[in-house]
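Please build the complex by placing chain B on the supplied structure of chain A, with the hints as guidance.
Going down the list, the sequences are from chains A and B. The first sequence lines up with residues 1 to 109 when you count with the numbering used here. The second sequence lines up with residues 1001 to 1156 when you count with the numbering used here.
You may find that some hints are simply not true.
Below, computed lysine to any residue pairings styled on SDA-like, alpha-carbon distance capped at 20 Å [as the list claims (entries may be wrong)]:
1. Lys82(A) with Ala1119(B)
2. Lys1085(B) with Met1135(B)
3. Lys82(A) with Val1155(B)
4. Lys82(A) with Met1001(B)
5. Lys108(A) with Met1027(B)
6. Lys12(A) with Arg1127(B)
7. Lys82(A) with Met1135(B)
8. Lys12(A) with Lys1085(B)
9. Lys1061(B) with Thr19(A)
Covered stretches of chain B, going by a simulated chain A footprint (3 or more residues, C-beta under 8 Å) [as the list claims (entries may be wrong)]:
10. 1112–1118
11. 1122–1136
Quick list of simulated restraints, FRET-style, between CB atoms [to be verified]:
12. Gly28(A) with Ala1132(B): 31 to 41 Å
13. Thr1020(B) with Phe97(A): 47 to 57 Å
14. Val101(A) with Ala1034(B): 45 to 55 Å
Read the hints as simulated data drawn from the structure, not as lab findings. Positions of the beta carbon are idealized from the N, C-alpha and C atoms, including for glycine.
In case you want the letters, here they are:
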Amino acid sequence: MELIVLVIKQAKFLDEILTGFVDIGIRGATVVGGRGMGQVLSSDVPIFASLKDMLPGLDFDTHMVFSVADREQVEKAMALVKEVCGDCDEDGIGVLFTLPVGRFMPIKG
Amino acid sequence: MRLAPFIQNAVIIAETDAPTRDVALRMMLRKLRALIPDLEVESVLKDILIREQESSTGIGKGIAIPHATVSEGLDSTVMAVATLKEPIDFNSVDRKKVSLIVMILSPEGMADGHLRMLARVARICSRDAILAEIMEAKDEDALREAFLAADEKCVG
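Just chain A, with the same shape it has in the complex (with noise of 0.2 Å):
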């Protein structure tokens, strides 16, 4: 098992990912909102202040999604993120990488 760690920026992305995974069998997922280093660094650090049109990405929040999966399901996960987000052409969409599980254990009430 692995677990998925998903940055997206732009809702209609989590959106359509989100349904994706429902789609091909990953039945949780956890929805964190975040802040990008670039939303951080220009409006925290003045010096960065001036610096935003470098910086891609800054008018939408991040949003992190954790979630574990089967190998067949990460697969099909990395290839639904293309699909989703494939076609665009803009700077720091986000970025999805995979960690291996040591142990899991699911915690049912």
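Chain B in isolation, oriented as in the chain A frame:
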């Protein structure tokens, strides 16, 4: 989740002249009953309409995906697809009238498959180029082929 096996067996109705949402849904259910004799048309219609009251399944772009789980008479998930000669009001999120209805019915206890099929249909219909090909289909065979081709084009 591939739609192909479900589309192959789906009820397909092209260019119906149903004048309202409820008439269209009842007609689709009656067609499904021809395949599933134990299907309780009015009971299922009531469940679908209750779901519609919660929030419309008119997802925009002229598409609605009404759906329900059925307690009796159904062994596996079934689909019915209808296109409308004249678009009908479905209280859609974008207020646009609906000209494509994809109905999904699943037996109780098959929530996972039901959700996956909903997601698949929503994905297919969210892609403008694919949707245009579906909307252009003028008869049942063309509609079935358009959905099969759309299914092939989507990852999953």
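Evaluated hints:
1. Lys82(A) with Ala1119(B): Since the Cα atoms of Lys82(A) and Ala1119(B) sit roughly 18 Å apart, the hinted pair holds (cutoff 20 Å).
2. Lys1085(B) with Met1135(B): 11 Å, holds
3. Lys82(A) with Val1155(B): Since the Cα atoms of Lys82(A) and Val1155(B) sit roughly 10 Å apart, the hinted pair holds (cutoff 20 Å).
4. Lys82(A) with Met1001(B): Given that 20 Å is the threshold and the Cα spacing comes to 18 Å, the pair holds.
5. Lys108(A) with Met1027(B): Measuring from Cα to Cα gives roughly 42 Å; hence the hint is violated.
6. Lys12(A) with Arg1127(B): Status holds; Cα separation ~12 Å.
7. Lys82(A) with Met1135(B): 26 Å, violated
8. Lys12(A) with Lys1085(B): This hinted pair is violated, its Cα atoms lying about 31 Å apart.
9. Lys1061(B) with Thr19(A): Holds: Lys1061(B) and Thr19(A) sit about 17 Å apart, inside 20 Å.
10. 1112–1118: holds (count 4)
11. 1122–1136: holds (count 3)
12. Gly28(A) with Ala1132(B): 31 to 41 Å: 33 Å, holds
13. Thr1020(B) with Phe97(A): 47 to 57 Å: 50 Å, holds
14. Val101(A) with Ala1034(B): 45 to 55 Å: 48 Å, holds
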